[in-house]
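There are 2 protein chains.
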Amino acid sequence: MRSKPLLLVNIGQLVTLRGSNVGPRRGSSLSKLAIITDAAILCLGGMVVSVGTTKDALRDPWLKKNRKRVTEIDCRSRVVLPGFVDSHTHPVFTCPRLVDFEKRIAGANYEEIAEAGGGIRASIEGVRKAGKAALTELVAVALEDMARHGTTTVEAKSGYGLSLESELKSLEVIRAAARRWPGTVVPTFLGAHAVPPEYRGRSQEYVDSVCAAMIPAVAKAKLARFVDVFCDRGAFSAEEAAQIFKAAEEHGLAIRAHMGQLSETRLEPFLRFKPASLDHMDYVNDADLPALAASDTVATFVPGANYFLGLSRYPEARRFIEAGVAVALATDYNPGSSPTQSMPMAMSLACTHMKMTPAEAIAAATINGAWALRLADRKGSVEPGKDADFAVFDVEDYREIPYWFGVNRCELTVMNGIPAKV
Amino acid sequence: MRSKPLLLVNIGQLVTLRGSNVGPRRGSSLSKLAIITDAAILCLGGMVVSVGTTKDALRDPWLKKNRKRVTEIDCRSRVVLPGFVDSHTHPVFTCPRLVDFEKRIAGANYEEIAEAGGGIRASIEGVRKAGKAALTELVAVALEDMARHGTTTVEAKSGYGLSLESELKSLEVIRAAARRWPGTVVPTFLGAHAVPPEYRGRSQEYVDSVCAAMIPAVAKAKLARFVDVFCDRGAFSAEEAAQIFKAAEEHGLAIRAHMGQLSETRLEPFLRFKPASLDHMDYVNDADLPALAASDTVATFVPGANYFLGLSRYPEARRFIEAGVAVALATDYNPGSSPTQSMPMAMSLACTHMKMTPAEAIAAATINGAWALRLADRKGSVEPGKDADFAVFDVEDYREIPYWFGVNRCELTVMNGIPAKV
Numbered sequence: 014m015r016s017k018p019l020l021l022v023n024i025g026q027l028v029t030l031r032g033s034n035v036g037p038r039r040g041s042s043l044s045k046l047a048i049i050t051d052a053a054i055l056c057l058g059g060m061v062v063s064v065g066t067t068k069d070a071l072r073d074p075w076l077k078k079n080r081k082r083v084t085e086i087d088c089r090s091r092v093v094l095p096g097f098v099d100s101h102t103h104p105v106f107t108c109p110r111l112v113d114f115e116k117r118i119a120g121a122n123y124e125e126i127a128e129a130g131g132g133i134r135a136s137i138e139g140v141r142k143a144g145k146a147a148l149t150e151l152v153a154v155a156l157e158d159m160a161r162h163g164t165t166t167v168e169a170k171s172g173y174g175l176s177l178e179s180e181l182k183s184l185e186v187i188r189a190a191a192r193r194w195p196g197t198v199v200p201t202f203l204g205a206h207a208v209p210p211e212y213r214g215r216s217q218e219y220v221d222s223v224c225a226a227m228i229p230a231v232a233k234a235k236l237a238r239f240v241d242v243f244c245d246r247g248a249f250s251a252e253e254a255a256q257i258f259k260a261a262e263e264h265g266l267a268i269r270a271h272m273g274q275l276s277e278t279r280l281e282p283f284l285r286f287k288p289a290s291l292d293h294m295d296y297v298n299d300a301d302l303p304a305l306a307a308s309d310t311v312a313t314f315v316p317g318a319n320y321f322l323g324l325s326r327y328p329e330a331r332r333f334i335e336a337g338v339a340v341a342l343a344t345d346y347n348p349g350s351s352p353t354q355s356m357p358m359a360m361s362l363a364c365t366h367m368k369m370t371p372a373e374a375i376a377a378a379t380i381n382g383a384w385a386l387r388l389a390d391r392k393g394s395v396e397p398g399k400d401a402d403f404a405v406f407d408v409e410d411y412r413e414i415p416y417w418f419g420v421n422r423c424e425l426t427v428m429n430g431i432p433a434k435v
Numbered sequence: 014m015r016s017k018p019l020l021l022v023n024i025g026q027l028v029t030l031r032g033s034n035v036g037p038r039r040g041s042s043l044s045k046l047a048i049i050t051d052a053a054i055l056c057l058g059g060m061v062v063s064v065g066t067t068k069d070a071l072r073d074p075w076l077k078k079n080r081k082r083v084t085e086i087d088c089r090s091r092v093v094l095p096g097f098v099d100s101h102t103h104p105v106f107t108c109p110r111l112v113d114f115e116k117r118i119a120g121a122n123y124e125e126i127a128e129a130g131g132g133i134r135a136s137i138e139g140v141r142k143a144g145k146a147a148l149t150e151l152v153a154v155a156l157e158d159m160a161r162h163g164t165t166t167v168e169a170k171s172g173y174g175l176s177l178e179s180e181l182k183s184l185e186v187i188r189a190a191a192r193r194w195p196g197t198v199v200p201t202f203l204g205a206h207a208v209p210p211e212y213r214g215r216s217q218e219y220v221d222s223v224c225a226a227m228i229p230a231v232a233k234a235k236l237a238r239f240v241d242v243f244c245d246r247g248a249f250s251a252e253e254a255a256q257i258f259k260a261a262e263e264h265g266l267a268i269r270a271h272m273g274q275l276s277e278t279r280l281e282p283f284l285r286f287k288p289a290s291l292d293h294m295d296y297v298n299d300a301d302l303p304a305l306a307a308s309d310t311v312a313t314f315v316p317g318a319n320y321f322l323g324l325s326r327y328p329e330a331r332r333f334i335e336a337g338v339a340v341a342l343a344t345d346y347n348p349g350s351s352p353t354q355s356m357p358m359a360m361s362l363a364c365t366h367m368k369m370t371p372a373e374a375i376a377a378a379t380i381n382g383a384w385a386l387r388l389a390d391r392k393g394s395v396e397p398g399k400d401a402d403f404a405v406f407d408v409e410d411y412r413e414i415p416y417w418f419g420v421n422r423c424e425l426t427v428m429n430g431i432p433a434k435v
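Quick note, the sequences are listed as chains A and B, same order.
Letter by letter, the first sequence follows residues 14 to 435 of the numbering used here.
Letter by letter, the second sequence follows residues 14 to 435 of the numbering used here.
It is possible that some hints are incorrect.
Since copy identity is lost for identical chains, a pair holds within one copy or between any two.
Calculated pairs, SDA-like style, for lysine to any residue (alpha carbon to alpha carbon, straight line, at most 20 Å) [said to hold, decoys possible]:
(1) Lys-434 / Arg-161
(2) Lys-368 / Tyr-327
(3) Lys-368 / Arg-326
(4) Lys-116 / Ser-41
Hints were generated in silico from the structure; no laboratory data involved.
Model the full structure from these sequences, guided by the hints.
Next up, the structure:
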């Protein structure tokens with residue numbers, strides 16, 4: 014897919030989020046959206062070349078001369094913002110987990126569902142049996158659904174294969190789907206998502222095989238940028254996580270982890286691995302916050318999981334923000350605990366249930382998501398030199414994006430300079 | 014708008030909800046969906062004439078002869094169900110209440126926001142000033158948005174005018190918007206939504222004017238089928254509600270009420286007025302449940318308001334269902350406490366936060382919504398003789414409708430026999 018010269022004009026509110034690129038947004042800088050009214054954006058070769066007012070853009074000499082070659086989009090006074098960066102998704106699965114859904118309604122908890130053969134393990138069989146083409150189709154549809162809700166960059170994890178073969182297959186599927194999609198996909202190897210049934214009771218042996226066989230194979234085939242571990246009660250221990258992080262480091266892969274979803278794990282020992290992000294963060298010890306704030310590690314909240322699991326407890330965003338921790342928001346798109354492709358839904362939850370302001374939710378869903386993927390040099394804000402990734406919303410005020418809930422007000426996305434109608 | 018002969022074929026799961034029409038669904042009958050697989054529906058003159066399998070439909074002699082006159086829709090094995098009946102909405106307003114939204118995030122509660130000039134009163138100024146054409150356009154857009162999410166029948170309340178003139182204007186706007194929409198609109202007069210600012214401290218005088226001036230004028234102009242009252246702490250008292258119900262009764266208008274959203278009001282005294290529905294029902298005394306269960310009054314839950322207000326408490330649906338009370342679900346679409354047009358979102362909330370099963374949520378959103386509007390003879394199930402109101406969802410299993418959250422899987426609605434692509 015090649016991008017043509019593109020001009021967006023008559024943008025009512027352009028949320029640029031421009032500014033310091035020295036590190037992720039923290040504290041009060043989280044809510045500095047740097048909005049331009051009556052704005053225009055000019056893009057060439059899939060990149061932003063200039064940002065300003067519509068009046069100034071239309072006066073630009075280059076543009077005057079080349080007007081006919083340029084695709085012009087009239088934004089009719091609507092809101093434009095950087096495309097969302099969804100930095101935590103699990104899109105490689107075959108079926109919705111409707112049985113788990115009904116069991117939970119009848120009163121079963123996360124661990125009881127897993128014990129009964131549901132949970133992560135329920136998705137393994139489907140992925141192991143599925144052909145690559147069928148899986149690729151499913152991931153491609155999910156990416157399109159995400160784009161329809163304003164997302165232009167997606168982190169996509171393996172983790173429902175849990176064997177060398179089916180984990181490599183999952184990552185190949187992510188690569189194949191990414192090639193069909195104009196947006197940007199960041200692949201993550203999550204072999205340590207759960208202990209697969211054939212290793213039941215032999216967790217350490219499985220971790221050894223993740224480290225000795227899977228990580229080297231993934232690195233060699235350049236199939237992932239990150240290694241992720243589900244570190245929690247009932248999943249992998251802090252020691253097992255550290256072993257996996259070390260193997261990732263040795264193979265030149267960056268690190269991220271699921272932390273504190275069900276129980277507290279102390280974070281300090283992990284910070285020396287410089288994880289790009291620690292995700293979920295429902296249970297985090299106060300004593301870990303200063304070190305987290307002093308690091309470039311982002312705390313990524315995925316309130317869709319709290320919502321779908323019917324929990325009354327949500328990550329305490331204000332505690333993190335006030336401690337100076339950089340926070341991001343993601344969907345956690347997956348069939349067991351967060352079947353949603355919508356970043357605006359994650360933002361609505363952050364505003365209504367975590368007391369994040371609309372401005373903070375937008376920064377967390379864009380620029381800080383980009384930091385959580387180590388892509389802030391290219392993604393997450395609308396600035397000259399960055400990729401032309403935008404979402405146009407049919408609203409007059411940016412605060413309406415998390416305000417209207419359960420409905421989709423996104424009407425257009427631009428991904429690497431390529432416009433796609435919703 | 015006139016409907017042409019219409020045939021839906023290859024329906025993977027047709028949720029008919031056919032069966033006894035003696036009263037609303039209660040207890041275990043709430044989850045009897047009466048699903049037909051590989052189904053077909055034939056509609057003539059905006060009504061269902063036959064329901065069966067695709068094979069049988071294609072053998073029908075009348076159909077064989079008239080095939081060319083019939084619009085055929087291939088449902089590609091997707092799920093079809095009765096169009097949702099959204100039995101509680103407040104669509105006549107001019108602006109989203111973004112200031113209230115941000116104040117609530119900063120910690121203000123419902124009453125503090127009202128005290129600061131927000132809440133219901135904040136919408137009054139907009140409605141009083143607005144022209145009829147502009148308001149009609151806004152209501153028409155809201156109805157279209159609702160239809161896009163599978164809703165084909167909408168109850169629409171006035172209640173942001175709160176003067177004789179602007180309440181009549183609001184109801185005229187509802188009538189005008191309804192005429193432009195192929196679905197069905199049921200208008201409700203909600204003059205007793207709040208005490209307007211000019212009557213501050215003179216609640217009884219306002220109630221007198223609602224009873225003596227507004228209700229007679231609304232009835233005379235046939236602008237509403239129902240009279241509603243917001244009966245709660247900070248709104249109208251039980252005595253004031255009873256006075257308004259009496260006036261409604263005298264003028265031949267049916268009754269519904271907002272009850273128990275913020276505090277408990279005893280229900281028994283109201284049941285003699287035979288309200289079609291009592292809505293919200295967050296706080297209800299156990300001692301009232303037997304009488305409620307013995308009546309035909311529906312308890313309508315609007316969990317969107319609990320969600321948007323960030324409450325951890327939701328209506329205790331299971332307590333009502335187990336007591337034999339007929340329950341319905343609605344969006345409560347309004348700018349202050351429930352800015353959503355999506356019935357699937359209300360159903361998702363019911364499943365994840367009120368422990369209703371997907372089957373119960375569907376019955377509550379269709380046939381029991383129809384009972385709550387006294388329209389069960391025409392709406393809420395797919396049966397010969399009823400109106401041709403359907404929603405086609407791009408899913409394979411009806412349980413996916415509340416499962417995927419924050420996204421819209423509805424791809425087509427049929428309203429009174431007229432198909433509308435989403």
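If the cut is 20 Å between Cα atoms, do Lys-368 and Tyr-327 qualify within a copy, between copies, both or neither?
Cα proximity of Lys-368 and Tyr-327: in one copy and across copies (10 Å, 19 Å).
Reference check for the pair Lys-116 and Ser-41, CA-CA at most 20 Å: within, between, both, or neither?
between (42 Å within a copy, 17 Å between copies)
Cα distance capped at 20 Å. Does Lys-368 pair with Arg-326 within a copy, between copies, both, or neither?
Cα proximity of Lys-368 and Arg-326: in one copy and across copies (13 Å, 17 Å).
Give the relationship of Lys-434 and Arg-161 under a CA distance limit of 20 Å: within one copy only, between copies only, both, or neither.
Both: 8 Å inside a chain and 17 Å across chains, each within 20 Å.
Violated hints: none; the structure is consistent with every hint.
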